[in-house]
Every structure is written in structure tokens, then in C-alpha cells.
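Participant: Based on the provided sequences and hints, a complete structural model is requested.
One line per chain: the protein sequences are A and B, in this order.
Residue numbering for the first sequence follows the numbering used here, beginning at 4 and increasing consecutively.
Residue numbering for the second sequence follows the numbering used here, beginning at 4 and increasing consecutively.
Everything hinted at is true.
Just so you know, same-sequence chains aren't split out, so a pair can sit in one copy or run between any two.
Derived DSSO-like pairs (lysine-lysine); straight-line CA-CA distance at most 30 Å:
#, residue 1, residue 2
1, 187, 263
2, 136, 94
3, 141, 40
4, 142, 113
Note that these hints are calculated values from the structure, not bench results.
Protein chains: 2
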Amino acid sequence: MRKPNLTINDIAKALNISKSTVSRALRDTHDINPKTKLRVLEFAAKHDYHPDILAQSLRSRSTKTIGVIVPAYNIPFYSTAIGGIQDYAMKMGYNVIVCHSNEQYEIEIKNVEALLNAGVEGIIISVARDTEKNEHIKKLKNKGIPLVLFNRVIEDFKSAKVVVNDYYGAKNMVDYLIKTGCKKIAHITGPNNLLLSNNRKEGYLDALKDGGIEINEELIVEGDFTIQSGIRCTEKLLEDNEGIDAVFAVCDAVAFGTMKVLKKRGIRIPQDISVAGFTNEPMAELVEPSLTTVKQPIYEVGETASKLLFAQLKDPDLPAELCVLETTLEIRESTK
Amino acid sequence: MRKPNLTINDIAKALNISKSTVSRALRDTHDINPKTKLRVLEFAAKHDYHPDILAQSLRSRSTKTIGVIVPAYNIPFYSTAIGGIQDYAMKMGYNVIVCHSNEQYEIEIKNVEALLNAGVEGIIISVARDTEKNEHIKKLKNKGIPLVLFNRVIEDFKSAKVVVNDYYGAKNMVDYLIKTGCKKIAHITGPNNLLLSNNRKEGYLDALKDGGIEINEELIVEGDFTIQSGIRCTEKLLEDNEGIDAVFAVCDAVAFGTMKVLKKRGIRIPQDISVAGFTNEPMAELVEPSLTTVKQPIYEVGETASKLLFAQLKDPDLPAELCVLETTLEIRESTK
Numbered sequence: 004m005r006k007p008n009l010t011i012n013d014i015a016k017a018l019n020i021s022k023s024t025v026s027r028a029l030r031d032t033h034d035i036n037p038k039t040k041l042r043v044l045e046f047a048a049k050h051d052y053h054p055d056i057l058a059q060s061l062r063s064r065s066t067k068t069i070g071v072i073v074p075a076y077n078i079p080f081y082s083t084a085i086g087g088i089q090d091y092a093m094k095m096g097y098n099v100i101v102c103h104s105n106e107q108y109e110i111e112i113k114n115v116e117a118l119l120n121a122g123v124e125g126i127i128i129s130v131a132r133d134t135e136k137n138e139h140i141k142k143l144k145n146k147g148i149p150l151v152l153f154n155r156v157i158e159d160f161k162s163a164k165v166v167v168n169d170y171y172g173a174k175n176m177v178d179y180l181i182k183t184g185c186k187k188i189a190h191i192t193g194p195n196n197l198l199l200s201n202n203r204k205e206g207y208l209d210a211l212k213d214g215g216i217e218i219n220e221e222l223i224v225e226g227d228f229t230i231q232s233g234i235r236c237t238e239k240l241l242e243d244n245e246g247i248d249a250v251f252a253v254c255d256a257v258a259f260g261t262m263k264v265l266k267k268r269g270i271r272i273p274q275d276i277s278v279a280g281f282t283n284e285p286m287a288e289l290v291e292p293s294l295t296t297v298k299q300p301i302y303e304v305g306e307t308a309s310k311l312l313f314a315q316l317k318d319p320d321l322p323a324e325l326c327v328l329e330t331t332l333e334i335r336e337s338t339k
Numbered sequence: 004m005r006k007p008n009l010t011i012n013d014i015a016k017a018l019n020i021s022k023s024t025v026s027r028a029l030r031d032t033h034d035i036n037p038k039t040k041l042r043v044l045e046f047a048a049k050h051d052y053h054p055d056i057l058a059q060s061l062r063s064r065s066t067k068t069i070g071v072i073v074p075a076y077n078i079p080f081y082s083t084a085i086g087g088i089q090d091y092a093m094k095m096g097y098n099v100i101v102c103h104s105n106e107q108y109e110i111e112i113k114n115v116e117a118l119l120n121a122g123v124e125g126i127i128i129s130v131a132r133d134t135e136k137n138e139h140i141k142k143l144k145n146k147g148i149p150l151v152l153f154n155r156v157i158e159d160f161k162s163a164k165v166v167v168n169d170y171y172g173a174k175n176m177v178d179y180l181i182k183t184g185c186k187k188i189a190h191i192t193g194p195n196n197l198l199l200s201n202n203r204k205e206g207y208l209d210a211l212k213d214g215g216i217e218i219n220e221e222l223i224v225e226g227d228f229t230i231q232s233g234i235r236c237t238e239k240l241l242e243d244n245e246g247i248d249a250v251f252a253v254c255d256a257v258a259f260g261t262m263k264v265l266k267k268r269g270i271r272i273p274q275d276i277s278v279a280g281f282t283n284e285p286m287a288e289l290v291e292p293s294l295t296t297v298k299q300p301i302y303e304v305g306e307t308a309s310k311l312l313f314a315q316l317k318d319p320d321l322p323a324e325l326c327v328l329e330t331t332l333e334i335r336e337s338t339k
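Facilitator: Set out below in C-alpha cells:
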């Protein structure tokens, strides 16, 4: 009979050795006492630790492949981040395979299974919009698979993480809008179950507070990172409010949607309404007027996630590290 | 000793049975006479047909996963096409894992290895810019792995393929430019080892011929699908020539680069120079002026590739089919 709930932790306790030793034994690395390794493998076999012998065998023979799960194939942020992940992995002699969750938790679970079946040695994940549970990621940790979360992370889950300083990026941008004379600043947020959205919103709120501007809940609407949501939210903002003089969007795609609505209605950017985004996508420079935005070190986010993963591959006992990369303001023509 | 060159064909000939039967025996499907299956497996084992027993075992147990290789992570065309591939695969109960070749033949070879190790049941490929050889793809065919090429295909390699009608897309666009009064029409091509680039160039040349316009080689420069190459090529075109009244770019990204240069130099679009692209990326509608372009059914290209792959999974003997999807003109503000 299978005992699917046996974890590395259980094996470590039963044999009175460290989790790291168990993990290395199961991954068939060479920096381990052969006798200890045999004890671990025998115990694991006896208790059917890895029912999928084939996948396990494939894993243990070192596939030199890591897996990446991103929420969507059409968000330019992830394209660039994958570049950073892959370039570093290739330097280390590894292949990268990528899965897309289509922003759905159920698909994310299947992605994890597909990558495990593929024998990846470690996984880098940015979670789907609607991922609030973390059983699938816990399972990876229990299996001793090195793991790094990036960009969209789960707040209360302990693991290596790479994010940008969303709070300060937003705070600095809204400080800047206030400095240029904007007084009625709307904010289109991201989905509010994501840490990233909340941190950017906090930055917006604190900037208003510091600037002595009263918070008006009607000026805050929830989008979802797409151009379409930028269009929808901006139309709603303009219908419900008068005198808005700036829109701060959670990301560039949403800001492009905002610009589209304003231009269609003959509202001048930035003379009538300033528009600011967050990301610095390649197109931010090319739209007209060019978009003022918070510049994220996107490639570096991916590269850093890759570095943290390889550090874990080398040393499974590495403490979970949170890397926060800084952002800068990229001031262009869409703001006063 | 390994005999790496033994193919399904060889086994079929030696045992006097069909390739399809060999393929099914090796993939451990159930619609085959058990005795025949045994004969094939024994022969294959004796001649060491699949030295990698583990990967083979993993494959044969049906991983319900297909693999995709695309040349770059930052070309929006592929993001959308992957969407079409994945949505159809998911309907069929399959996962999709994606590899990026970074436009390099060597990485493409590694991608193929990574996907085989991952136990994918079929592969969909769009080849790298510098892929001229096809040994790695031949290998897949010899292993009996279902295969579909899409968008960037290798002309003289027989396999299922999905492309758009590049020739007519380009021909129709340049016909249109001529109809609107343009007489000195430049063309920024794609890399000239790719069928796609040559087909679009042929369309451009034939439209000029039909329009009674003499071909001027100085008006044709080679780009590489990036905004940067659009900038570089447009600067060269403007330096070497006078009186250009239209630029037809091999893709939208290149056209964005062209627009950037023209706007910087104060050249009016379309009054002084018309600009046309190819693809219809989401940004084509948002740049200013909005970009006239050849609209490709991108999602459908991916979806069709997926359909052809699953048809092969069902019937390995399916003849290699070439699907050519039609394009339409999307006339916007960047042309007269």
C-alpha cells in the first residue's frame, strides 16, 4: 500500500539524520556517505516514499532541466523574466521548460505534475491570479524539490522569493504625480488577492496621505493587468467622477487601455489627465505620448530567481531568502 | 554497442510489418497484436533501438504532455500561438511544456533533448532564425514522435506544417500601397534563410511588377523581426535613398521601429511616408498613428498545429499535411 503522505521530514526523523541528507540521498548526489545513502533509499523504498519509480529514476539521473510556471503567455513581463531565468540556467548547463497556468489554479496544479513527470530538478513559479491555496507548492517542498517564487508570490508561504519593491515604486510615482500638481489621482489596481496589487495600492494610499490629499474610494477600481481592463476601468472612472487629473495604473498594459479611452474621448494627455504605469514594457517608449512608468528590473528578477534556485540545488539546506529588487521612475511624456 | 542509426523504418523492413505497427508497439498502445508487439520489442531491444530505457518507459506510460519549441520568448506572435496550442491540448486532456531556442540552432537541439527526456508524446516546433539543418528534427521522426512545424518551417523537410499565406498577405498589402498612390516602396525583409521572409518578399516583388514599378534593390534591406532592426534598417534606407513614400515591414515590430525613426525625424506618417506591417500584434492598434498591417490568424495557427499533432497521435500513419491559413488586410491610419 502506498503511503502518499510520507515526507522527507518523516524520513529524516525516522533515521535521525538531517533533511538535507535525505534530500541528497534521494537525488542521488555524490557528496554523501554511501552507507547513509543506502539507509535512506532502503527506508524510502520500504515505505514507498516515491511511488512513481520511473519519474524518480529519471529525476535521480540528473536531467539538467529546470521548470518554470508563469500565469500567462501574453504578459510581456514574463517573456523578459523567462529570458533572465533561461540565460542563467544555460550558463549553468541546464535546459528550461516553461508551463503556463492561464491564470487558473487548477491548471497550475497540472503544470506542477507535468514538470515533475518531466523530471525537472527545480521549479520557479509566479502564481496564477486566482491561486490562494498552496497545497501544490507545499507538495514540492515535501518532495525536496528546490523552489523559488517570483513576482506574484504567496505571502504566508515560506520559500525563496524574488519580488520588486512594489510599495516604494508606487509611492514614488504617486509622490511625483502630486509634485507635478495632480490633486485628484485615480488608481486602477490589480486583483486584490495578490500581494503585488496590495503593495502598489499601499504605496498609492501612503503617497496621498503624505501629500495631504483625502482618500476617495470612488477613485480606486480593480483591474486585472490587461489592456481591456484598463479600458473598462477608465470608462467607469470617468463616468462616476469629475475632475480626475491623473490615473496611476497597476501596470503598463492597463495604462495603455487608459490612454486609448482618453484619446478616443479627446481628453489630452497629460494636459488634462496624466497617465502613469508600472513595469516599463518595450512599448511604453513607443506609444504616443510615451508612457511615464515605474521601471522594474525585469530581466534581473528572472536572473535572480534562477540564481536562488541553483543555490538551492547546490545546498538544499539554504535558508529561504527574500530578494527585493529596487525600481526607478522612468519619466516620459504622459505626465505633466 | 549502440546502433544509433536504427530507425522505425529499419525495424519495419526487418520484420516485414508497417511503420505504424512498429510505432504503436514501441509506444505500448493496446491496439496491436501482442505477439507482434513482442517481436518488435525484442528486435528493438536486441538492436538497442532505444538505449534510454527510462525515458522510453516514461514515454510509453503516456505522460499526457506535448512539447512546444519557439524561437524567442519576446515575440508576441508566439505568445498568442501558444495560447491556441495550449487551449486545444487542454481540451484533449494534455499538458503543454514550452522551450525557447533563443534563435539558436544549438539551443534548439538541446530543447529537443529536454522535451524527449520529459517524455512528451509529440512536439510542435517553429525553428530558430539560424536553423538550416534538420538532423535534430529527423531524429524525432525516426523515433516515431509525432511532429508539426509551424510559422517558421523548413522548406525541404517533409512533415505536417501550419503556415499563413505569407505570399498573398504581402502581395495584397503592397497592391494596396500602390493603389493609394505610393511609387517608391521600400521593404524591410526578415532573415533570408527563412521561407516566411522569402514568401513575403516574393509578394512584394510581384506586386511591384504587376503595378508596373521597377524593382530597385537599394530599397530592400534585411532585418530580423526586432524593433531595433526596424530602426537600423529605416535609418539606412533614408540615408541611401530619396523620395521613399512607403515602407512595408516584414512584421509589426520592425514597423514600430520604422515609425519611431520617422517620427523622430519629423517625417509625417502617412502624409510623407506610409508604413505597413505584418502580424497584427495587439500594439498595432495602440501606436500612433495606428498601424496598417496584414492580419494573421495567429491563435488559429497554434490551434491548427495542435489539431494536426493530436491527429498524428491518434493515427501515426497520417500523411504529412500542409495547412495554409489565409490573411486579411487591416487598414488603419499609418497608410494613405
